[in-house]
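**Student:** This is what each chain is made of:
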Amino acid sequence: MARIVVVTSGKGGVGKTTTSASFSAGLAMKGHKTVVIDFDVGLRNLDLIMGCERRVVYDFVNVIQGEASLNQALIRDKQLENLFILPASQTRDKDALTKEGVEKVLNDLADMGFEYIVCDSPAGIETGALMASYFADDALVVTNPEVSSVRDSDRILGILSAKSRRAEKGEEPIKEYLLLTRYSPKRVADGEMLSLKDIEDILRIKLIGVIPESESVLQASNQGVPVIHLRDTDVSAAYHDVIARYLGEERPLRFTEYEKPGLFKRLFGGK
Amino acid sequence: MGQSKVSNPAPSRKTAQALDFKSATLYAIRVVLHEADSGSLLDALAQRMKDAGAFFENEPVVVDASRIEEVVDWPALVDALRKHSLHPVGVVAEGAQLEAAVAAGLPAVELGGAPVRPPASPTPEQEVPPAAVTPEKPAGSVESSPAAGASEAASDAGQTKREVSDVPAAPAPGPAPAAMVINRPLRSGQRVYARNTDLIVVGVVSRGAEVIADGNIHVYGPLRGKAMAGARGDTSARIFTTQLDPELVAIAGVYRVIETGLEDRLQNRAAIVRLEGESLQIEALGN
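These protein sequence lines are chains A and B, in that order.
Heads up: the first sequence runs through residues 0 to 270, numbered per numbering that gives the first Met the number 0.
Heads up: the second sequence runs through residues 0 to 286, numbered per numbering that gives the first Met the number 0.
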């Protein structure tokens, strides 16, 4: 059975696409056949982050509208042979996403033997976001440590609990995981950001990981490589932890405590 | 939402009926008009639907024109509502306004229980169904700001779902209906209304969520959103919570906006909110 995972947040710019790319790559690295779908029709980004923008010929909407087959539209990742990308259309209207159409594509992907289907949701609570989360089994709720992001995540959690297929059918609810991104322990210590504890207290869902604020995310995006591939970076290590926890392993949290820079660091700079 | 029950065809029985009449109540959005100008109305509607479109789509709508005198261009408004996938099912209005609306195909409806208040009434009533809302007399130690309530009400008014019923509220004889129990967290933007009964929430009521009951409200978890007990005017209704940190509390329409937190001995404590005369009393429970 394929497991459908939505990566969502409500607010834009918090790291959904970065997370979708690294999460799906991480699952594939663990040997799971994985596909990641860009639901942001009109504003596609995932193909850039995955570094396959030049290979996009057909897209998600083409498949829904029967203009291309799934095999034609799926792009195999350049590094991982069991990772595939289904890009969004840049030109179509978001109304092209219909519940029936999306359901058929998800079923077909499951029939093709995909173990994980990762849905990269657009920001907001419009059609694209509703479609990305409607069929989900699990949800990664990506949140930044600031109030508006936390509020939007709360709102999205409400939608997941009320407007998803699992909710409508009265099945076991979607498993919700909190993923904190762009977490800067120093700014938390300085009182500029909400702390991990504050956010957990407001949202009250299981924390699956904390991704530290880091320049390597931008670096990776610019290179078209999911940041999980950047060895020896905190961000990559944090995403590996997330994958491990998602797959059932217990791992202690990292990158959440602020360590005062030592004398050496203060003298010679470095971040 | 009322659903007609389809009886199985039973031709052998003499009592077989082709249809049944059953009572139904209906949740609907109340669209309150503040002016009659078509241009402004349509623009405002388009903006509101753009902001939160998917949430209201395919919802029944009652247009409340009771606070404007000038007659609205009803066909244009009805047409616009339909274009936005809203389904106008009735109108609240009087006199010529009502006649014009009926001529455009909207039946007159009454909104359950709540008397329509005159235009001069404070805006927060949009927020709190259906009993009349009056700001608490400036007595309590907690900051009470009707203006803040008004602006919040305005920003949220589009999301107000209202129960439309042809049955006026009457003290029901016999046993009271069982309390409504919600076993999940209520998140920002969600609203629950326990009609004619108590509401029990096991879990958090987040900022931006609303819990409303005609009876008492119990929240076993942090109450961080808005809580309105005695929504139809029961002044003996109370709000109980294990952790009080609300945006607004109201009983029988008397409300208090808590903008900057409660005093230390109440903030985040288990507490009861009740109405004494015209003012809300908040008491810590236990310790």
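Derived by calculation from the structure, the hints in this document are not laboratory data.
Beta carbons: idealized from backbone N, C-alpha and C, even for Gly.
Possibly wrong hints are sitting among the right ones.
[Unchecked claim] Facing chain B, according to a computed beta carbon distance under 10 Å, are these residues of chain A, among others:
hint, residue
1, R154
2, G157
3, S215
**Student:** With a cut-off of 10 Å on the beta carbons, see whether A:R154 makes it to chain B.
**Tutor:** Holds: closest Cβ of chain B sits about 4 Å from A:R154, inside 10 Å.
**Student:** May I ask you to test the interface hint for A:G157 with respect to chain B, counting a Cβ-Cβ separation under 10 Å as satisfied?
**Tutor:** With a closest approach of 3 Å, the A:G157 hint holds.
**Student:** Any CB of chain B closer than 10 Å to the CB of A:S215?
**Tutor:** 32 Å, violated
In summary, the structure is inconsistent with hint 3 from the numbered list given earlier, while agreeing with all the others.
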